Each structure stands twice: as structure tokens, then as C-alpha cells.
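Using the sequences provided together with the hints, build the complete structure.
There are 2 protein chains.
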Amino acid sequence: MPGAGTDKTKTWVAAAGPIVILVEPQLGDNIGTTARAMANFGLSRLRLVKPRDGWPNPRAYVAASGADRILDEATLHDTVEAAIADLTYVLATTARAHDQAKPVIGPEEAARLMAPRIAAGEAVGVVFGRERYGLENEEVALADAIVTFPVNPAFASLNLAQAVALVSYEWFKRTTDETLPFAMPDKSRPAPKQQLRAFFASIERELETVEFFRPAEKRETM
Amino acid sequence: MPGAGTDKTKTWVAAAGPIVILVEPQLGDNIGTTARAMANFGLSRLRLVKPRDGWPNPRAYVAASGADRILDEATLHDTVEAAIADLTYVLATTARAHDQAKPVIGPEEAARLMAPRIAAGEAVGVVFGRERYGLENEEVALADAIVTFPVNPAFASLNLAQAVALVSYEWFKRTTDETLPFAMPDKSRPAPKQQLRAFFASIERELETVEFFRPAEKRETM
Numbered sequence: 003m004p005g006a007g008t009d010k011t012k013t014w015v016a017a018a019g020p021i022v023i024l025v026e027p028q029l030g031d032n033i034g035t036t037a038r039a040m041a042n043f044g045l046s047r048l049r050l051v052k053p054r055d056g057w058p059n060p061r062a063y064v065a066a067s068g069a070d071r072i073l074d075e076a077t078l079h080d081t082v083e084a085a086i087a088d089l090t091y092v093l094a095t096t097a098r099a100h101d102q103a104k105p106v107i108g109p110e111e112a113a114r115l116m117a118p119r120i121a122a123g124e125a126v127g128v129v130f131g132r133e134r135y136g137l138e139n140e141e142v143a144l145a146d147a148i149v150t151f152p153v154n155p156a157f158a159s160l161n162l163a164q165a166v167a168l169v170s171y172e173w174f175k176r177t178t179d180e181t182l183p184f185a186m187p188d189k190s191r192p193a194p195k196q197q198l199r200a201f202f203a204s205i206e207r208e209l210e211t212v213e214f215f216r217p218a219e220k221r222e223t224m
Numbered sequence: 003m004p005g006a007g008t009d010k011t012k013t014w015v016a017a018a019g020p021i022v023i024l025v026e027p028q029l030g031d032n033i034g035t036t037a038r039a040m041a042n043f044g045l046s047r048l049r050l051v052k053p054r055d056g057w058p059n060p061r062a063y064v065a066a067s068g069a070d071r072i073l074d075e076a077t078l079h080d081t082v083e084a085a086i087a088d089l090t091y092v093l094a095t096t097a098r099a100h101d102q103a104k105p106v107i108g109p110e111e112a113a114r115l116m117a118p119r120i121a122a123g124e125a126v127g128v129v130f131g132r133e134r135y136g137l138e139n140e141e142v143a144l145a146d147a148i149v150t151f152p153v154n155p156a157f158a159s160l161n162l163a164q165a166v167a168l169v170s171y172e173w174f175k176r177t178t179d180e181t182l183p184f185a186m187p188d189k190s191r192p193a194p195k196q197q198l199r200a201f202f203a204s205i206e207r208e209l210e211t212v213e214f215f216r217p218a219e220k221r222e223t224m
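For the record, the sequence lines run as chains A and B.
Here the first sequence is numbered in the numbering used here, starting from 3 and rising by one per residue.
Here the second sequence is numbered in the numbering used here, starting from 3 and rising by one per residue.
Read the hints as simulated data drawn from the structure, not as lab findings.
The structure presented is a predicted model; accordingly, all values stated were derived computationally and were not measured.
Where is the CB? At the ideal position from N, CA and C, for every residue including glycine.
Please note that the accuracy of each hint is not assured.
Facing chain A, according to a computed beta carbon distance under 8 angstroms, are these residues of chain B, among others [what the hints assert, rightly or not]:
(1) 79
(2) 103
(3) 157
(4) 164
(5) 180
(6) 185
To list a few chain A residues with every Cβ distance to chain B over 12 angstroms, as calculated [said to hold, decoys possible]:
(7) 121
(8) 185
(9) 194
(10) 198
(11) 209
(12) 217
(13) 224
Shown next as C-alpha cells:
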């Protein structure tokens, strides 16, 4: 819903958040949709490790639906080590068990663990692997914990930007206390019971008029 | 991560879930990525109201990354009314306030409200609007409640499949009690403190050997 969503009159949420690191992303489209998902949930810092088709990539800009600013400020790195060198806490996302002695958590728990560190001014990052085969064992080994997703085991393959969106969503939900952009309009006070009874009585009268209550013995049930 | 994710040896989660209804989706790609997101989170029933480019749409199959079964079984409808006629509880997703006296909830609350109804065998649906401008007022009016997303107000435009993914994710998370597909391997028991002290002492000896602790007065701090 692009037309409905982007609103330059509203303040961009600029609170500190985790840095998103994409390792050898193959499709420019996925870099763009990642940026869009980050923007949706108030994240802004993107790092790219050797994107397959080079950088900048025009397809990323098309897919970002206006989140250009994140792409403009994305930084390029040669290795995962270089991309996380300044970070104090790193999470690696993966759909496969890597048989490493690291805590395995879901995105909600990831947000819970990152929050105090980011609040304390630490630089925290979440690493996402290649579309086709995710992260290598030695890349996962660099992380403090593994993030995976509660998914249908028979169809566990998440789109890259979807994975970024879930981590970002849980982050945003936690840091904003799940504040929604709007609420039910508070137009009129709830009707007092007396008024409600009068309303039902008037409906009943109308239905009598049109002989709705037939046969007569079913009247009470109806 | 398509290669890593789809596993025909694993059981498809076949528990009952909400029906996803896309109203006049414009891009076949988005119908496909919607099906993929549904499959990721164990949903299977898709209804399409007047997809712009007709149906079936080959682009949807390309984008579905193997969730063909959902597309094969998708049903076509002429109006939202027709698509929800057999449902007892309907949620409408929207990024904009529609100024209607309906509860406005987030995706987690949506899952909470749908769960007992679906467990009781009711047919429940979630309606998603067009990519460009969402749902019309009269379409929202057909729903029991409005679902919206906790998003950055300055960049509130979610991709259609992302919106479907968030609702599906919260549904799956709730119904599976956030079970993750794998956990940390339990290879060895945690080391007893004595062993741990001996380990640190041996590291200290090694560091003494290479004269790491210099200057001497900083030894304790280090």
C-alpha cells in the first residue's frame, strides 16, 4: 500500500536500533525490499557484504518503494568479520541447525536480548545470509546467538526481506510497546441499557408489522 | 533461503487457520509471495477477489517458491461480500484510519481473537486490500474488527505479502507456542567451576610466558 503509507509530514522514528547486515545478497530486489521493511519498522542502518550484482544496484532502489535513504547510507564490506568488527553483540539468522553451542532464539527473544544493549549505547547487529543457502558455519560462529523463526517445518524457506521484516517488527513492537498508528474513533459514548432495550423493541415492532415472526410458536425462539 | 527451507520429508502443518482474502491484488508476484508467506506459517486457504491480471497467473507461481498448492487451491470471487459469505468472523487489514466504530487491533491481538473461534470450528478470514490504496470504506465496513500494524508513521507502507506474513506469523507463533525448528545442540554438560578456574589459570600461565602482562602494575586490572 505505497500510496497510503509514506507520509513526509510524519516524523521518521529515529531511535537507535540494530544494524542489519546482508551477506552476499544475490538479488537487488531483495536488498530493496529489505530496506523497505527496515523503514517500516524504524531501522536505518544497513551493511552489505559483497552483494553479488555490485553496488549501488538500481533494482534495489525500485524495490525499496521510497526507502532510498537507507540504501544511500548502506555501507559495503568485504567480509562478515569486517562488517561486524565494531559491534559488541551479534545475532546470526539461519533456517538450518548449524550444530554450534550457541543459544537458539526466536525474533521476539532477539528483540528482548538486544534492547538493553542498544539502550546502553552498544552497537548491535543482526546478520542475514544468502538467499540460496544462508550463512556458512564459520559466519554463524562469529555470532553470540542464533536467531531462527517459528515456521512450518515442511516449508521453512523465508524470503530474505521477510526474515528481516520479522526481526524488525519484533524490535519495533517491543520498543514502541506495540503502539498502533491509529485507534477506533471515539465518536459516541456506549448506549445505556435502557436506550438499547428501546432500540430492540422498536426493531421488534417493525418486524411484527412485516409479519416476520412466523410461525407464531417460533416467535420466542426467534 | 529456498534450497534450505522446503523439505518434503517433513509434515506440512495442517492445523486449521484463518483464510486469507486478497482484494483486487494488482501484481501476480504479490499473490505468489503471499502464498509463500502463508506456507511458511502453516496457512493454506487463499481467496482472490478480482485479481487485476486474471487467474491463474504464471508470475504468481514463480514468486511462490514452491507454495503452488496454495495457488492451485485458491478460489476466485467477484466481490468481498461473496468471498466472506460463509465466514463467521472477519478482520480487515488497513494502514489508514477509516473512521469506523470498530475495534482496531495489532496482528498479535488478531491471533488471540481468532484462536478460540477457529478452535471451535468457525470459518474466520482476514481481508487484505489492493497494493496501491488498500480497502474501500465499504469493504472495511463488512469486517468485525480492523487490523493494523505497529509501523514507523513516516514509512507505514507495508508490502502486501509482508502484511500477510505478519498476521500469519503471529498466528503460527500463537498456535505453536513459538516452537522453533531446532535448538542448541546439547553436546556437553556445563563445566564445573573448579574446571573453569583451572582453565583460566592455564591461560594465565601461557600469557605470563609470552610476557602479556606488561607493565607489571597493570597486571591485576588486566
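Consistency of the hints with the structure:
At a threshold of 8 angstroms, the smallest CB-CB gap from residue 79 of chain B to chain A is about 21 angstroms, leaving the interface hint violated. The restraint placing residue 103 of chain B at the interface with chain A holds, with a minimum CB-CB distance near 6 angstroms, inside the 8 angstroms limit. The interface hint given for residue 157 of chain B holds, since its Cβ lies 4 angstroms from the closest Cβ of chain A, which is under the 8 angstroms cut-off. Taking 8 angstroms as the C-beta cut-off, the interface hint given for residue 164 of chain B holds, the closest approach to chain A being about 5 angstroms.
A hinted interface residue such as residue 180 of chain B counts as satisfied when its beta carbon comes closer than 8 angstroms to some beta carbon of chain A; here the least separation is about 5 angstroms, so the hint holds. Here the hint on residue 185 of chain B is kept, as its CB sits about 5 angstroms from the closest CB of chain A, short of 8 angstroms. Every Cβ of chain B is farther than 12 angstroms from the Cβ of residue 121 of chain A; the closest lies at roughly 19 angstroms, confirming the non-interface assignment. Remark: the non-interface label on residue 185 of chain A conflicts with the geometry, its nearest Cβ contact in chain B lying 5 angstroms away (cut-off 12 angstroms).
The Cβ of residue 194 of chain A sits about 17 angstroms from the closest Cβ of chain B, beyond the 12 angstroms cut-off, so the non-interface label holds. Residue placement check: residue 198 of chain A keeps its beta carbon more than 12 angstroms from all beta carbons of chain B (closest about 15 angstroms). Distance check for residue 209 of chain A against chain B: the nearest CB is about 23 angstroms away, which clears 12 angstroms, and the non-interface claim stands. The Cβ of residue 217 of chain A sits about 27 angstroms from the closest Cβ of chain B, beyond the 12 angstroms cut-off, so the non-interface label holds.
Consistency note on residue 224 of chain A: stated as away from chain B, and its beta-carbon is indeed over 12 angstroms from all of that chain's, at 19 angstroms minimum.
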